[in-house]
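Those protein sequences? They're chains A and B, same order as listed.
Just so you know, we're using my numbering here: the first sequence kicks off at 184 and counts up by one.
Just so you know, we're using my numbering here: the second sequence kicks off at 184 and counts up by one.
Source of the hints: derived by calculation from the structure; they are not laboratory data.
Honestly, I wouldn't trust all of these hints.
Same chains, same names: a pair is fine if it fits in one copy or spans any two.
[As the list claims (entries may be wrong)] Taking lysine-lysine and the PhoX-like style, the derived pairs with C-alpha atoms no more than 20 Å apart in a straight line are:
no. : residue 1 : residue 2
1   : Lys198    : Lys557
2   : Lys235    : Lys266
3   : Lys504    : Lys259
4   : Lys536    : Lys557
Keep in mind that this is a model prediction, so the values were computed, not measured.
2 protein chains.
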Amino acid sequence: MSVLNFEIKKELPGKLGRVGILKTPHGEIETPAFVVVGTKATVKALSPEQVKTLGTQVVLANTYHLYLQPQDELIKKAGGLHKFMNWSGPTMTDSGGFQVFSLGAAFGDSVSKIALGIDDSNNQRPKNGESLAKVDEEGVTFKSHLDGSSHRFTPEKSIEIQHNIGADMIFAFDECTSPKASYEYQKEALDRTHRWAKRSLDAHLGNKEASSKQALFGIVQGGRFQDLREESARVISGIDFDGFGIGGSFDKEDMDTAVGWVNNILPKEKPRHLLGIGEPRDLFGGIENGVDLFDCVAPTRIARNGTLQTENGSMNLLNAKFVSDFSPVEEGCQCYTCQNYTRAYLSHLFRAKEMFGSTLASIHNLYFTVNLVKKIRQSILDDNFFEFKEEFLGKYYKEK
Amino acid sequence: MSVLNFEIKKELPGKLGRVGILKTPHGEIETPAFVVVGTKATVKALSPEQVKTLGTQVVLANTYHLYLQPQDELIKKAGGLHKFMNWSGPTMTDSGGFQVFSLGAAFGDSVSKIALGIDDSNNQRPKNGESLAKVDEEGVTFKSHLDGSSHRFTPEKSIEIQHNIGADMIFAFDECTSPKASYEYQKEALDRTHRWAKRSLDAHLGNKEASSKQALFGIVQGGRFQDLREESARVISGIDFDGFGIGGSFDKEDMDTAVGWVNNILPKEKPRHLLGIGEPRDLFGGIENGVDLFDCVAPTRIARNGTLQTENGSMNLLNAKFVSDFSPVEEGCQCYTCQNYTRAYLSHLFRAKEMFGSTLASIHNLYFTVNLVKKIRQSILDDNFFEFKEEFLGKYYKEK
Numbered sequence: 184m185s186v187l188n189f190e191i192k193k194e195l196p197g198k199l200g201r202v203g204i205l206k207t208p209h210g211e212i213e214t215p216a217f218v219v220v221g222t223k224a225t226v227k228a229l230s231p232e233q234v235k236t237l238g239t240q241v242v243l244a245n246t247y248h249l250y251l252q253p254q255d256e257l258i259k260k261a262g263g264l265h266k267f268m269n270w271s272g273p274t275m276t277d278s279g280g281f282q283v284f285s286l287g288a289a290f291g292d293s294v295s296k297i298a299l300g301i302d303d304s305n306n307q308r309p310k311n312g313e314s315l316a317k318v319d320e321e322g323v324t325f326k327s328h329l330d331g332s333s334h335r336f337t338p339e340k341s342i343e344i345q346h347n348i349g350a351d352m353i354f355a356f357d358e359c360t361s362p363k364a365s366y367e368y369q370k371e372a373l374d375r376t377h378r379w380a381k382r383s384l385d386a387h388l389g390n391k392e393a394s395s396k397q398a399l400f401g402i403v404q405g406g407r408f409q410d411l412r413e414e415s416a417r418v419i420s421g422i423d424f425d426g427f428g429i430g431g432s433f434d435k436e437d438m439d440t441a442v443g444w445v446n447n448i449l450p451k452e453k454p455r456h457l458l459g460i461g462e463p464r465d466l467f468g469g470i471e472n473g474v475d476l477f478d479c480v481a482p483t484r485i486a487r488n489g490t491l492q493t494e495n496g497s498m499n500l501l502n503a504k505f506v507s508d509f510s511p512v513e514e515g516c517q518c519y520t521c522q523n524y525t526r527a528y529l530s531h532l533f534r535a536k537e538m539f540g541s542t543l544a545s546i547h548n549l550y551f552t553v554n555l556v557k558k559i560r561q562s563i564l565d566d567n568f569f570e571f572k573e574e575f576l577g578k579y580y581k582e583k
Numbered sequence: 184m185s186v187l188n189f190e191i192k193k194e195l196p197g198k199l200g201r202v203g204i205l206k207t208p209h210g211e212i213e214t215p216a217f218v219v220v221g222t223k224a225t226v227k228a229l230s231p232e233q234v235k236t237l238g239t240q241v242v243l244a245n246t247y248h249l250y251l252q253p254q255d256e257l258i259k260k261a262g263g264l265h266k267f268m269n270w271s272g273p274t275m276t277d278s279g280g281f282q283v284f285s286l287g288a289a290f291g292d293s294v295s296k297i298a299l300g301i302d303d304s305n306n307q308r309p310k311n312g313e314s315l316a317k318v319d320e321e322g323v324t325f326k327s328h329l330d331g332s333s334h335r336f337t338p339e340k341s342i343e344i345q346h347n348i349g350a351d352m353i354f355a356f357d358e359c360t361s362p363k364a365s366y367e368y369q370k371e372a373l374d375r376t377h378r379w380a381k382r383s384l385d386a387h388l389g390n391k392e393a394s395s396k397q398a399l400f401g402i403v404q405g406g407r408f409q410d411l412r413e414e415s416a417r418v419i420s421g422i423d424f425d426g427f428g429i430g431g432s433f434d435k436e437d438m439d440t441a442v443g444w445v446n447n448i449l450p451k452e453k454p455r456h457l458l459g460i461g462e463p464r465d466l467f468g469g470i471e472n473g474v475d476l477f478d479c480v481a482p483t484r485i486a487r488n489g490t491l492q493t494e495n496g497s498m499n500l501l502n503a504k505f506v507s508d509f510s511p512v513e514e515g516c517q518c519y520t521c522q523n524y525t526r527a528y529l530s531h532l533f534r535a536k537e538m539f540g541s542t543l544a545s546i547h548n549l550y551f552t553v554n555l556v557k558k559i560r561q562s563i564l565d566d567n568f569f570e571f572k573e574e575f576l577g578k579y580y581k582e583k
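Model the full assembly from the supplied sequences, consistent with the hints where possible.
This is the structure:
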């Protein structure tokens, strides 16, 4: 029996999309939902109360970063992630696979997730293209981006770390291939990822205490190839995971289609998480194609650079025209930032390099994305998903 | 009639100290009180709600910084400081005098306020000792630390800026001399400051609308010389200010005595603000000698470097021993940080250079100082000020 309970409340007619409720040991998540990223056990620039107030239902921390610092054993001693970071709601950790490979194998490929702005660590690209990760059948040896020290992740090690961290939902260890890798390499890596998936589940079930409190998601890979994606979905479906992640790279324009290939095969009754994706068009496309959960660092990363998202697209607050603009970031927005501050004030904070600028911008952008997913959810319940999608995306991408 | 109402509730027998209530257009302040500094219309790393929750009664912003950016006319257009920064409680601005001179005339003197860690701008010391401020009878010409552009403050200009910013309590424009200046220069500067005090009041009363909503404090200067301090107190007392500031430099060890010289002369019925002072021993000494208000950037500045204050003195969280210390910063402390986070978590945040570390540390240190002044106030009400002073300072400075 899973530690999760997932109930589908309504489906999107003729499509794979659905509205559900996912019950976790730390509370319910109304799905589809956007998962807020707190890479190093903190959502950058925000207090947990600010994270909660903006409507966040679930927070995802990164295994790779926490393993290196403060180290997972320390988080275990602290009583686990929830207690350590003072977040009482549902949590997830990723497997560390993506970070391990984005440090190494995928380096230099312009279409890698790093290039797409999806990865959260600013400081992890090696200086001269040298690969920092070496993969073999057993696992991956890699170097820390912090101090160059050597480390090794295996499926068993990733699960052990994630047990120590103690999030409600954790992920199987996978190989995240370069989007430019050949079909042959993708196939080889995929087979290995499938073997690692089984080993991850074995390691998870081998720890009775942890597996009685934490749910394990398997990860579907396969790059941009339909046959590999479908094969991966079939193999991973055959392993008794509590839910599924869809990882790796896609052709940006075909992401919806690729997600559909996978979700046509994955068992309907379990939750699905599209890893590292959060652009409005991808949220609509993912949900239409059966995704329940998304995470992405982009909303907070661009916020810290002064870029704010609105229904009419995004804008940079450092633009001179905002210096004396006393309107809120977005007219009608119900977030804390828009209810209490002007563009002029945010402009001042960014120009003065005051931390509170990052706080206010992050609150707005996270509210924007979290709330967009909530509105999409509501549109399915109200039978007007397609109208809402057309209207929203038409406005958001108007000038692009 | 003053826009302030100051009522003394109790006096410290045999001393100048008193407990009072200061009514301002934006609410009451129980005095003595520590004023929290929000230099650029934001208390660094904190939301106004966090500032309020830690017990802050009043916030002080800096005229010099806000004049340069975002500029005082913009704050006026925004509806004033309260609305601009979303702080509904009482506010103050300083006159800009201290910053103008700390950029110029006082540069290079090791005992200047900059050296004492009292000034809040990290970036304002000229590179090569060149004085950036030139004083004459009418005012001061200085260069911006931001872009080197030339500016001029006169008493009238300082008041105009402070009217535009719109704080409840504002200060007369004064010359802040170098602590190393000769007696002769100090005397010359003091006489000029007294003439500027009268001009400041004239400029204030000349704006009927502003002076019906804002209170003006005169500033007593005189450096470390008893006769000049007493002369200044007499002259400034003779001008119809709503309250008084005590500014400039002191011999650190004799600050209490010097404050006593001044407060023995200042009219008892008006509030007194000791500018830029916030060390525990100076808070006790100042209160004992009749000070009602203090402000200081030290609590938040040291917090951002990981230095936390406790009743047993201060400690730096970057020390290795805190990495796995799961106790709160201070056992028994009721602040948000200590109620919800461990030293280990703060240590992690500082090592990971996460902004939330500065937020949590600032909350703790401000709570520590704000609450210390509240406890001193209570000790006067409870007739045990001297016992509390001896006990507290004995513990705090035990190892120093």
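Of the hints stated earlier, which fail here?
4
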